[in-house]
Amino acid sequence: MVSEYLEQPTEGTPAEVTGSAQPTVIECRSAWVKYGDNPAVKDVTLDFPAKQVTSLIGPSGCGKSTLLRSFNRMNDFIPGIKIEGQILYHGRDLYGREVDPVEVRRRIGMVFQKPNPFPKSIFQNIVWGPMINGLAPRSGRKAWQQELVQRCLEGAALWDEVKDRLHESGLSLSGGQQQRLCIARALAMDPEVILMDEPCSALDPRSTLRIEDLIDELRTRFTIIIVTHNMQQAARVSDLTAFLYEGNLVEHGPTQKIFTNPDQKQTEEYITGRFG
Amino acid sequence: MRALHPGQPWPPTRTDRLFRMLIWSFAAGLLVLCALILWVLVSHSWPALQRFGPSFLWQTTWDPVAEQFGALPFIYGTLLTAAIALAVSVPLSLGAAIFLAELAPTWLRTPFSFVIELLAAIPSIIYGLWGLFVLVPLLKPVQAFLIEHCSWIPLFRGSPYGTGNLAAGLILAIMITPIITAISRDVILAVPRAIREAAYALGATRWETIRGPVLHYGRAGILGAVLLALGRALGETMAVTMVIGNSTKISASLFDPGYTMASLLANEFTEAVGETYVSVLLEIGLILFVLTIVVNALARLLLWKVTRDAGEAMKE
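Going down the list, the sequences are from chains A and B. Residues in the first sequence are numbered from 253 upward in steps of one, following the working numbering. Residues in the second sequence are numbered from 124 upward in steps of one, following the working numbering.
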């Protein structure tokens, strides 16, 4: 029932500000996120259009990770967290009473700051999510799993490196490979949205580049929201950029414009490295 | 004061050296103590070792008057009661540990943990008395029912005495529950948040997350806890002696009385006369000592492996 609720197609409002022709997938309406009485995100109104890469940038503590984690209800586990205003997914309130957070996370995948593969085999890392969610068919399960693993690893540009060692531990991979395994694991759930919380901050420049190439390949199939500290990265990978400062949304728009001709002086100062 | 030069090791003062020697001697003392225990056991059981040889381990007769001795009934009883204890205690303790680590409201965690750890502090004679006066009378009707209706299973044959292998196993289960619970709770709490978040982000429920990645991550630590508890169950004496019934007959039934190595020593040591009898009892002690050492070494090894693996995972 909950899944039907989330599945019902609704007319997406075209994102007026961003000028994107794509329908909106996630929409913040005066969203506040508070830890107890401390607001981390203040009155943010922001649209995330489908099949676009949006980056959230801003100095440490500006609330960008907190905002990202409220899109798949990852903040639910923090005691004292409060969400005010509205965060909508296809026009439906993600925090509505009838919404099952588990269902939300099946549709909105996440990649974390530090690669966090399960201490299991590469194969098991990928099939675990679909298996517990009952996505596997009753018969021909083995072939289905193998096909899934290959498809996801290819999707994450990791297949060629690991195809001969699928049953080795995911922890035996290098940091960059582990992060691509985590992306492959997220792909296995076939989500609509992938949230990435500084996915390259623990990686070396080479691995970072590979992840960025990967994001470029994924953009046609998924809606991607990426939090990043690295402004060059935001400029390289994203279509849209939102700049947050001390919990407030300062400016958002096409990445090109934000990085060449921002409206706000604060944005310009941040992207030119004057502070942050 | 001596001058210190860069690159030169700091010369230890006399107090440093004295302190180091003192600490070393304490540590070495423990090893010496352990070696002495082993030496006493071996040297005193030497006559029995020579006379009966390895067949002592599988002989079943125990007749001190005729000087016929076999250790099998006691090895069997020790292993059987420990197995019953683990079978009952492991699910119970794991459930309690998961509850304490994951589900209990914060205000309940500390008092609940405290009460469970308090169980470990109760003297074993108290457990024995409780077993004799509370558990055994409770078991009698249950046993009578099972004998009447399920006696086609060899485990449920015999007479409903109350005392016996089952009562001993259950008492042991209660005694080792705090050990497994406390360590497993710590192991579960030590599972990194990143692992849980990875599972939740894939649409796993809380239960799926615990059952899958969390327990998988902590599996070696939990196994270590179980083995530590097994060590305790193998060596526990007083409570078992009071409820096991002390019979040297080997029986497959849970309800029949049995005997463990530890309770044999407790019961017969004061009555043992003659060199062979005493020597045989000490050989029983030696077997028990070796068994518990092996189990504990296994536990340490597993716990060490866990911390090492966790360390490797952190390096990345």
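Keep in mind that the hints were calculated from the coordinates and are not lab data. For clarity, every value in this text was computed on a predicted model and none was experimentally measured. No residue lacks a Cβ here, since even glycine has one placed at the ideal position from N, Cα and C. Please note that a few of the clues may not be correct.
[To be verified] Computed, partial: chain B to chain A, Cβ under 7 Å:
{"hint": "1", "residue": "Ala313"}
{"hint": "2", "residue": "Ala324"}
{"hint": "3", "residue": "Glu331"}
{"hint": "4", "residue": "Ala343"}
{"hint": "5", "residue": "Asn419"}
{"hint": "6", "residue": "Ala420"}
{"hint": "7", "residue": "Ala422"}
{"hint": "8", "residue": "Trp427"}
[Unchecked claim] Derived DSSO-like pairs (lysine-lysine); straight-line CA-CA distance at most 27 Å:
{"hint": "9", "chain 1": "A", "residue 1": "Lys372", "chain 2": "B", "residue 2": "Lys372"}
{"hint": "10", "chain 1": "A", "residue 1": "Lys334", "chain 2": "A", "residue 2": "Lys517"}
{"hint": "11", "chain 1": "A", "residue 1": "Lys394", "chain 2": "A", "residue 2": "Lys372"}
{"hint": "12", "chain 1": "A", "residue 1": "Lys366", "chain 2": "B", "residue 2": "Lys428"}
{"hint": "13", "chain 1": "A", "residue 1": "Lys334", "chain 2": "A", "residue 2": "Lys372"}
{"hint": "14", "chain 1": "A", "residue 1": "Lys334", "chain 2": "A", "residue 2": "Lys366"}
- Query: If you draw a straight line from the CA of Lys394 of chain A to the CA of Lys372 of chain A, is it 27 Å or shorter?
  - Reply: Distance of about 18 Å is within 27 Å: holds.
- Answer holds if the nearest beta-carbon of chain A is closer than 7 Å to that of Asn419 of chain B; otherwise answer violated. 26 Å, violated
- Keeping to a limit of 27 Å between CA atoms, is the pair of Lys334 of chain A and Lys366 of chain A held or broken? Distance ~26 Å between Lys334 of chain A and Lys366 of chain A Cα, so the pair holds.
- Can we keep the Ala420 of chain B interface hint, with Cβ of chain A closer than 7 Å? 25 Å, violated
- Message: So if I understand the rule, the pair passes when the alpha-carbon distance is 27 Å or less; does Lys366 of chain A with Lys428 of chain B pass?
- Response: Holds - the C-alpha atoms of Lys428 of chain B and Lys366 of chain A are around 23 Å apart, at most 27 Å.
- Hinted pair Lys334 of chain A and Lys372 of chain A, Cα distance within 27 Å: Given pair Lys334 of chain A, Lys372 of chain A is violated - Cα atoms ~35 Å apart, limit 27 Å.
- Taken at face value, is the distance from the CA of Lys517 of chain A to the CA of Lys334 of chain A at most 27 Å? 31 Å, violated
- With a cut-off of 7 Å, does the beta carbon of Ala343 of chain B approach a beta carbon of chain A closely enough for the hint to hold? This interface hint is violated because 10 Å lies over the 7 Å limit.
- Message: Tell me if the interface restraint on Glu331 of chain B is satisfied: Cβ within less than 7 Å of some Cβ in chain A.
- Response: 5 Å, holds
- Trp427 of chain B as an interface hint toward chain A, with CB separation required under 7 Å: Hint on Trp427 of chain B: violated, closest Cβ of chain A at ~17 Å, above 7 Å.
- Message: Would the hint on Ala422 of chain B be counted as holding, given a Cβ-Cβ threshold of 7 Å to chain A?
- Response: 21 Å, violated
- Residue hint Ala313 of chain B, partner chain A, criterion CB-CB below 7 Å: This interface hint is violated because 13 Å lies over the 7 Å limit.
Of the numbered hints listed earlier, those contradicted by the structure are 1, 4, 5, 6, 7, 8, 9, 10 and 13.
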